[in-house]
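J.: Here is what each chain is made of, one letter per residue.
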Amino acid sequence: MITAMMASSYNAKEEDGHHSGAAGHGGAGADKSRKPDNTAFKQQRLPAWQPILTAGTVLPAFFVIGLIFIPIGIGLYVTSNNIKEFEIDYTGVDSKSECYACARNFSWNSTTPCTCSMNFTLEQPFESNVFMYYGLSNFYQNHRRYVKSRDDSQLNGDPTALKDPSKECEPYRTSEGLPIAPCGAIANSLFNDTLELHYVDSNGTKVEIPLVKKGIAWWTDKHVKFRNPNGNTNLTVAFQGTSKPVNWGKPVYELDPLDPENNGFINEDFIVWMRTAALPTFRKLYRIIQKKSSTTPTLPSGRYILSITYNYPVLSFDGRKRMILSTISWMGGKNPFLGIAYITVGSICFFLGVVLLIIHHKYDNRNTSADIPN
Amino acid sequence: MLRRRLNRLLGGDERRVDSRTVYVGHRSSPDSEGFIPPKFCDNRIVSSKYTVWNFLPKNLFEQFRRIANFYFLIIFLVQVIVDTPTSPVTSGLPLFFVITVTAIKQGYEDWLRHKADNEVNKYLVTVLEDGQRIRKESEKIKVGDVVEVEEDETFPCDLILLQSSRDDDTCFVTTASLDGESNHKTHYTVPDTEKDLESLSATIECEQPQPDLYKFVGRMHIYKNNQEPIVRSLGPENLLLKGATLKNTQKICGVAVYTGMETKMALNYQGKSQKRSVVEKSINAFLLVYLCILVSKALVCTTLKYVWQGKPGQDEPWYNEKTQREKDTNLYLKMFTDFLSFMVLFNFIIPVSMYVTVEMQKFLGSFFITWDKDFFDNEIKEGALVNTSDLNEELGQVEYVFTDKTGTLTQNNMEFIECCIDGFQYKHRDASSELDGFCVTDGPVSKLQQKAGREKEELFLRALCLCHTVQVKESTEPCLDQVDGLNNQVDGLGIDGDGLGIDGALSHLEEQRGFIASSPDEIALVKGAMRYGFTFLGLESKTMKILNRNNDVERYELLHVLNFDPVRRRMSVIVRSSSGDTLLFCKGADSSIFPRVRQEEVERIRLHVERNATEGYRTLCVAYKLLSAGEYAQADAGLREARLALQDREEKLMAVYNQVETGMSLIGATAVEDRLQEEAAETMEALQGAGMKVWVLTGDKMETAKSTCYACRLFQKSTELLELTVRTLDDENRRREEKLHDLLLDYHKKAVQDAPPVKEGVTRSWSSSQDYGFIVDGASLSMILNSSSDSSNSRYKNLFLQICQNCTAVLCCRMAPLQKAQIVKMVKNSKGSPITLSIGDGANDVSMILEAHVGIGIKGKEGRQAVRNSDYAIPKLKHLKKLLLAHGHLYYVRIAHLVQYFFYKNLCFILPQFLYQFFCGYSQQPLYDAAYLTMYNICFTSMPILAYSLLEQHICIEVLLDNATLYREIAKNAMLRWRPFLYWTVLGLFHGLLFFFGVWYLFYNPALQDNGQVFGNWSYGTIVFTVLVFTVTLKLALDTRHWTWINHFVIWGSLAFYVFFSFFWGGIIWPFLSQQRLYFVFANMLSSVSAWLVIILLILLSLLPEILLVVFRKPRGPHSRQKELVDSRVGGLQSPRSSARPLLMRTFSDESSTVI
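Here the protein sequences come in this chain order: A and B.
Going letter by letter, the first sequence gives residues 1 to 374 in my numbering.
Going letter by letter, the second sequence gives residues 10001 to 11156 in my numbering.
If you are wondering where the hints come from, they were derived from the structure by calculation, not from laboratory data.
Ideal placement from N, C-alpha and C gives every residue a C-beta, glycine not left out.
Some hints here could point you the wrong way.
[What the hints assert, rightly or not] To give an idea of the interface, some chain A residues facing chain B are shown, with a C-beta separation under 10 Å as derived from the structure:
hint : residue
1    : ASP37
2    : ALA55
3    : ILE288
4    : VAL314
5    : ILE358
[Stated by the list, open to error] Output of the computed footprint for chain A on chain B, the stretches with three or more beta carbons under 8 Å from beta carbons of chain A:
hint : stretch
6    : 10316-10324
7    : 10946-10959
8    : 10982-10996
9    : 11095-11101
With the hints as constraints, model all of the structure from the sequences given.
T.: If you want it as structure tokens, here you go:
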């Protein structure tokens, strides 16, 4: 099929034939006796740079790349290694796990939230700002049906879209005749576990660690892309005539009733959730633990208790939930990949540089010796 | 058109209406009672395809009839109907763009056609109606109208010439716009028509319209006062073609016989057969591979999707429920739509834009040929002409060159060298000075008297003066023509340097006299006779005037001209001298004259003819015959009868000609030199050096052709000639067929079996083994091709082909035009289907030009038919070298790279998207944003490759021209075979994998910013896409060897545009978008150091193997090519080529004397 397709595709010849025919009818065709212009372009003689890649020119490049990449790589690797990261799975798959009961007995209809708490120990103190993530595994936030199931106009505060959400939101578009705000599968499945962190000091008293819930979403998302209808004034009225997403326990205007700057569509937990993850195993920023002073570590080493309000079921699709504590460097979170990759590529380049140098040397020798008899 | 086709189909029925009857001036003839005016089409020329109303539907229909467009339309419709991952816009927009551009182009072309049509159709012409001269629009002319045309006007339709303002009932016409021949042709009025056209009552019977410009048969019945109607034959000489221009005649009147779309001109503008290039075939093959990849990708994904969904909880987790409609759809239907969705998702692997880019590259690239000033010829003030842009790259793939001899290898610029009268040789230019030749009355004549009888001499010279169809150009003609005439003379006489001196010495008479003839041989002969004292003064009302040696004017009444044709290979005239003798003079090729003269005269002359022929001259023999009154009457009657025949006129005429031209006596022979074209030998040597096999196909004699081959260095001293001609086949005691069989086997053994196996890519001229040249003539060839038994037929053909393929050069002489095409076809269809190129300048080469893969016309002297039917036309043979070695080579490299690059860049574009399916639950989630999907091929990566494919010179033109061997490196489609394709595909796979998994490892921890915030799936896609765009563009930059400012501008401009566009696209909340997926994604990406680092790393890592390859391939790099060039220049003299060197030193002037 395709063979034939090329044959007939965009073949200008047919038209050409007709065209020349027309010129013939016209009688006087173009003045063909004109001598072609002697311009550099038309004669294909434009001045041109003709780079030739030879061992001689490539060699220094290899060395330079090697010399630049290896230090960068080492820097990255060291930086990544210096990042402290702690991860704890609180799904409750294992019967010994504290959250086993919550995970087992989960029901959408239960009115009282199930809580569980896990103890863990930080071997090393965490300096500077510490970032608290929740991680989900085997959760396909990048599934096509899921990714498209949102209405950005609604989230941008468009009043018509609020009352009439996009078709893409199906089957989370309306509930009991009322339009859902925010509509769609992403919003509906908003991560709603509550995580709290307590430090158990040497006396055995639990000290709650203050968690900052602002500054976790992209600035542009928070301030431009997401907007409440009617501005921020009286969200209850603004969302009148809409229904809460089916899986939510409370409507959108009660996400953070205490802080109007973090309520409704511009709730940062919500915004973070709405930025769909790239891979089925992902982490999302949950809270920031700000450093207290330059002298004491933000999270000193010691025993901690993680209290979880277990609302989010993942076992049905064999998912996992994690809590991650991590410090951050200029390159982001802990990821040894970049450092290793840079060191590897740098070394390869350097090695190749050496090999090329040898080859180049030999080749040149052979060449000159061959030239001598002439 | 349709009617004609139908008519052809219903051939039997058509027989009866094979002719049409035209009533001159719409007056019924007395004998046709019920006068029904026959219906003919009107004189409107419609070359346009569309009208305002049907343009849109018709154009769309035509465009979607092309399967490529149709395929993309289907993809688009699938996107509209089925719930697919990408919006219909992504494929709809490019398709819309392509369709619109094509529609605009076609609409514009059609508008031009409409304009041209209108210009012709609305042109006011004068029609004589009922004695009045009425001006009316050209389109209203009906068949039978009597039309008046004035000087320099073009004829509005095909007319039969009735009346001319000239005294001799002739008119002059140029057909420059029809076939490009700018010389004046004479047309004659129908004899015996009355001067008063109003009272003329006549009917014309003529054949139905047919496209051959040079054929016309008809018959005119003239009714006078109730007498028996007079019947006159009509031929092409009476027919004035639409499109031709009246010259040198004040006005003429003619009756319209063919109008509108039935004119010969309109019938001739129907399309030629299409030629397709090998590159296109390669593209098709690759396309199939990619289609397979596409389908298998979609299949794999669909299968895996259902396997994956089979696991519990995966298909429909609580957070991602299906809509009611999805739940309701049948499983198999869902599978099918899933498959379609995957197809749509991956369909970018076969991009629409490739067709557009290839088409643009071909179209724009062909301008470089027309623009090349090296192809400009000062003599004809014209450059090269490109009739099709589809075959540019084919010029770089030629393996066999079939060339015509006369006018192609040689200049077709004839000069009279010597003659032989009655066995005595008369050399015009003895070693003495040129001036000797001009003192006709003393020098040669005194010798003449010593050698042959004066009467024989004069008879011979008279024959030369009379036996031709030359016209004398009048001095009253416009200046321009005068100059032309002079040029002709200078061409004819003053070649050897001191042309000016000769010019000065020319008598005034001569200076005023320009000769016009269809064949340059005739002019040379008439001029030759002039030097010996017999000057042809011209033809006036059937009387030829000759100024003889004693300055007396002799008059001869021209009774008949028995025209030249290539089958008879001779022409004759019958004249009546003032003394009343009827004489027949005949001149022609020796082979056609010798059997028709008394045998005892032959031997003396044959010697001279053969000697002349071996020296490379064109020889003609001259014979005469005195016709008795009875003989003449018989011949006259026969000729008249044959000329009036409506059917099989040609055959009948031929029979009469053959009957008349017998029993003649031979008077002498002439030798005319046809000089080699400028740089013919160098060109041929370059072509052979480039690995092409050159075959000379000529209608000329073997000896002449052979010497031309030696002069062109196609044959060399060391070449062993294998001859398969009538001469070698003639054996006393054996049948020709047996001998043919033996010879073929013998030669086959010699050339094929004993020859060492030819190494790939290395051709024989470089190896030290014996070179063979093969000579075959038309008669032997037809024996080979049309052998009696079928089995031996194919066997002979095979043997012949194998011998030919193992020979350095092949000479086919005595070829009929169709045989030329047969040979081309045979080679074309032989094993490995080599690419053939035919080059020729005359009408006899048209068939082979059309047959070969690439047809090249030379804008020579034999009219423009070859040029019209060619794919490319060049002014001189020497231009072929640059056309093939430089332009062809570059075009091939460019388009091959373009094609490979296009496949490569789309493979590494789509592969990450395919891989992403494994991580998104096979849900057809696109990795890239729709804008990127759409723009990737249109904006981000299209311009650099287009600029590359127009400007790249991986080796500069001079080096290509100097080093013909470089051509071999790309022979046999070297850059588009499976190996390079595999290389590019592997490269694309490598890049695709690298892009995807490089970023995948990075996204192991998506917290990539120093504020701990995380990136989502669109950031992932954007990083991959950024790496992709930069890598494919820089990959091209690495491949670019010729960086003009345009390349710089386009490559860096594309990258800058990508960055700019990404900022712009992500910088605004677009109201028309339902999802703001990319809002600030790009800017956020750039704020992450890790993203920068991974982008740089991946780009470098992808290009690393490429750089390494370039370095390791160094010995074959361009650098060494320059070295190689120097080497070959230095070493050339002692290399095997040295045997050719002495020949190279020879100058043109002594080429003709090159003897074996």
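J.: If a hint holds in the structure, say so; if it doesn't, say that too.
T.: Each hint, compared with the structure:
no., hint, result
1, ASP37, "7 Å, holds"
2, ALA55, "5 Å, holds"
3, ILE288, "7 Å, holds"
4, VAL314, "9 Å, holds"
5, ILE358, "13 Å, violated"
6, 10316-10324, "holds (count 8)"
7, 10946-10959, "holds (count 4)"
8, 10982-10996, "violated (count 0)"
9, 11095-11101, "holds (count 3)"
Going down the numbered hints, you'll see the structure goes against 5, 8, while the others check out.
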